[in-house]
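The listed protein sequences correspond, in order, to chains A and B. Be aware that the first sequence starts at 1, since it is given in this note's numbering, and climbs by one per residue. Be aware that the second sequence starts at 1, since it is given in this note's numbering, and climbs by one per residue.
Since the hints were derived computationally from the structure, they do not count as laboratory data. Predicted model, so just to flag it, every value in this text is computed and none were measured. The beta-carbon is built from N, C-alpha and C at its ideal position, and this holds for glycine as well. Treat the hints with care, as some may be off.
No more than 30 Å apart at the CA atoms, straight line, and that leaves these computed lysine-lysine pairs for DSS-like [claimed, not checked]: (1) B:Lys-11 <-> A:Lys-180; (2) B:Lys-11 <-> A:Lys-181; (3) A:Lys-24 <-> A:Lys-60; (4) B:Lys-13 <-> A:Lys-60; (5) B:Lys-13 <-> A:Lys-180.
Far from chain A, by Cβ distances over 10 Å, these chain B residues were calculated [what the hints assert, rightly or not]: (6) Leu-36; (7) Gln-42; (8) Trp-58.
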Amino acid sequence: MGDDPEEARLLVRAQRGDTAAFDKLITLHRERIYMHTFQIVRNEEDALDLTQETFIRAWKSLPRFDGTAPFSSWLHRIATNASIDLCRRRRVRPQTEIESGAMKIDPASRTTPSRPEEPGASLDRAEIRRRVEGAFAVLSPEHRAVIVLKEIEDLSYEEIARHLGCSMGTVMSRLFYARKKLQTLLRDLHEEL
Amino acid sequence: MRNFDETDWAKTKSLLREHLTAPGLEHPDFVNSRVLEEIERQGKPSRPAAFPLRWLAWSGIAALLTAGVLTTIVLPQQAGRRGDTEFISQVIAARAESPQLSVSEFRAPDKRGVVIWIEGAEYIPAENSVR
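Here chain B stands alone, though its shape is the one from the complex (with noise of 0.2 Å):
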């Protein structure tokens, strides 16, 4: 694949070392000032942030998206599979020791809640007043 030999390519060499000079710079001080009119111009020299703006950017985008998936879609869907057995406690009856108070319970339709309503009482002791 070689087809010019070292001999020949020495001679090319030595005339591209002897003509392609380059001339010595006129004006060096010249390039300080404009470098350092740019660069004060331009101001201090920043490290790369570790989280760049754009990437937060799209983070908080994607964030939000990902909220609004699962309150709209997933959330609706789980609430919906819930029955009876998972509520944490449950209303048996109500009775009140004291003649001054009167306890009514009412009970939500779908039978999915119960309402205790007290009266003649400023407040619930914390001793078991109301069983």
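The following block holds chain A by itself, in its conformation from the complex (with noise of 0.2 Å):
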């Protein structure tokens, strides 16, 4: 069940629908599975609603919880799942602001819209910023799954194949083409390196 005992003690409880013990899970996991949530849905509203669906769904199948996984990876589990789950329902990529804004024309505008920089010149923080939140919009929600748990969480090949349900195959081949797309969207940043 994990090696915090204190952790473990407040599983037995919750599990005999203790809701006292069950919110005192939920303070100590709540911080990090709303940053995995963003992570893949990168939307805040999302994410928080994600996070309480996360616990919801881990109540209703906390009596079927066997501690074989740790309990922070049983969660994380979930919260993937309902992540690639609503961004499946909704058949939208997580908005940037590549897409909500700087690339929104004024009909009223006189002028053409800006352009991405000329090659050479040098880019903000903000603006490599939005390119990458673009880039990375493009993949597909299991793509961006297998990027957020291996490149930014440095999970092995096997953990996220048991957090995602498929095999490590399946993971490292997500993960190539997920990474050999990003690369190609961002290669010219490179030089701002």
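Since each chain sits alone in its own frame, please combine them into the complex, following the hints.
Here it is, written out as structure tokens:
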């Protein structure tokens, strides 16, 4: 059930239906779950909803939690699947400033829309961020999930496979294509590093 | 198949790590209250039943169908195949030992049943009063 004996005790109580114990478990994990879901959906409101949904799903499935994996991994798995489900349901990519703001054209404008920076021109930090988020938004939810789990949260292939309920081969394949796509989209930014 | 090298990827990765950051949770207690509110509404989680209700319902329906098929099709066919030799006992004769008793024997027309009619006895004693 994890290395923390206090957490193990809380889990046992929560599995018996003790909501006060579950409340403490939420407090222990809410921040990391929120950040994890945000990394996949890139939207604060959705991430907040997904965090709540993760804990509600966890509560329902708690009697079936057998403790073979740490509780935090189990929660993260639920959160990842909920995030992927949300993206699939909506069939939309995460919002980015590129899509929601910078690329909008004001009908009253007399000037042409601003173009991406000329090659060689130095990009400011906010622009680089927009470009990175825009490139990430192009990926499918499954590809975003493997990038987050591998490159940001540093999980091993085996852990990611367990996490997503797929084979290690599938993880490697998804990671390969996701990396390739990001690399293609962001190669020109390498000059800025 | 690998058309990008590790150094190139290291640069992309550092861009991702630097710019794909997540904001902190602004009102963390809000999560607790919303989740607890919802789970209070839904009630205590329950272990999955060993025999779920739907499974029991289908089992019942299957059992009734089987019983119906047996009683309407299979059992009448079996009964039709029975011969006289399957009877457990056979009445050969009836005779009363007591003069107050009269015993009559009636055979069914198809000879598959016999009725023994006893008059003058309030009960039949255990010892062989009627043979």
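For each hint, the structure was consulted:
{"no.": "1", "hint": "B:Lys-11 <-> A:Lys-180", "result": "holds (13 Å)"}
{"no.": "2", "hint": "B:Lys-11 <-> A:Lys-181", "result": "holds (14 Å)"}
{"no.": "3", "hint": "A:Lys-24 <-> A:Lys-60", "result": "holds (16 Å)"}
{"no.": "4", "hint": "B:Lys-13 <-> A:Lys-60", "result": "violated (37 Å)"}
{"no.": "5", "hint": "B:Lys-13 <-> A:Lys-180", "result": "holds (12 Å)"}
{"no.": "6", "hint": "Leu-36", "result": "violated (6 Å)"}
{"no.": "7", "hint": "Gln-42", "result": "violated (7 Å)"}
{"no.": "8", "hint": "Trp-58", "result": "holds (23 Å)"}
Violated hints, in rising order: 4, 6 and 7; the structure is consistent with all others.
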